[in-house]
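*Asks:* Sequence:
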Amino acid sequence: MAEDSTDPSGKKRSYSFAESLAAVDRNAAIDPCSAQWLLIWMYGAYVDEHPSVSQQRHIEVFYTTLRDMCTNGKQCYRRFVTEFPPRCDSRRSLLGWIQMAENSCRIQNDLPPRPFSYTAAMKRWRYPDGYL
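Take the sequence shown: its letter number 26 is residue 26 in the UniProt record's numbering, and every next letter is one higher.
Because the hints were derived from the structure by calculation, they are not lab data.
Since the structure is predicted, the reported quantities are computational estimates derived from the model, not experimental observations.
It is possible that some hints are incorrect.
Okay, the calculated beta carbon distance ranges per label pair [to be verified]: (1) Lys11 / Glu83: 34 to 42 Å; (2) Leu39 / Pro112: 19 to 27 Å; (3) Tyr46 / Lys11: 30 to 38 Å; (4) Arg13 / Pro85: 32 to 40 Å; (5) Arg114 / Arg57: 22 to 30 Å.
Backbone N, C-alpha and C define an ideal beta-carbon position, used for all residues, glycine too.
When you get a sec, could you build the whole thing from the sequences and use the hints?
*Replies:* Structure follows, in structure tokens:
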């Protein structure tokens, strides 16, 4: 099933899950699904390196209550979160968990999984301004 969005001319446009994830690679929120994955990754990149117990709870609530907007992705994020709760004890483990979630969705949608590199994820998702 493709995700529907309205293009600049006002016409309905449907995007496949592959198109939504390709948009994420370009930092483009072309539909609710791509916007969801941009939010998932960026939030994870900016959590504290070693969150407090209270922060871990907030992170867990964020990821477990986030609505799966990828109707074009077979609701794979929601299923993954239900089966594998977020790893919130460190930023490294959280970003690894996010990559596992994305790879689970990729596999369910006949796309190749991607390897995880914490260094590459931080370089990709976090602006190098020293913030936090």
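*Asks:* Now tell me if each hint is right for this structure.
*Replies:* Structure-based check of all given hints:
One distance hint, 34 to 42 Å for the beta-carbon pair Lys11 and Glu83, holds here, with the actual separation near 38 Å. Here the CB-CB span from Leu39 to Pro112 is close to 23 Å, well matched to the stated 19 to 27 Å. As the Cβ distance of Tyr46 to Lys11 is approximately 35 Å, the hint placing it in 30 to 38 Å holds. Checking the proposed 32 to 40 Å range against Arg13 and Pro85 shows it holds: the Cβ atoms sit about 34 Å from each other.
For the pair Arg114 and Arg57, the beta carbons lie near 29 Å from each other, so the given range of 22 to 30 Å is met.
Comparing the model with each numbered hint stated earlier shows that all of them hold.
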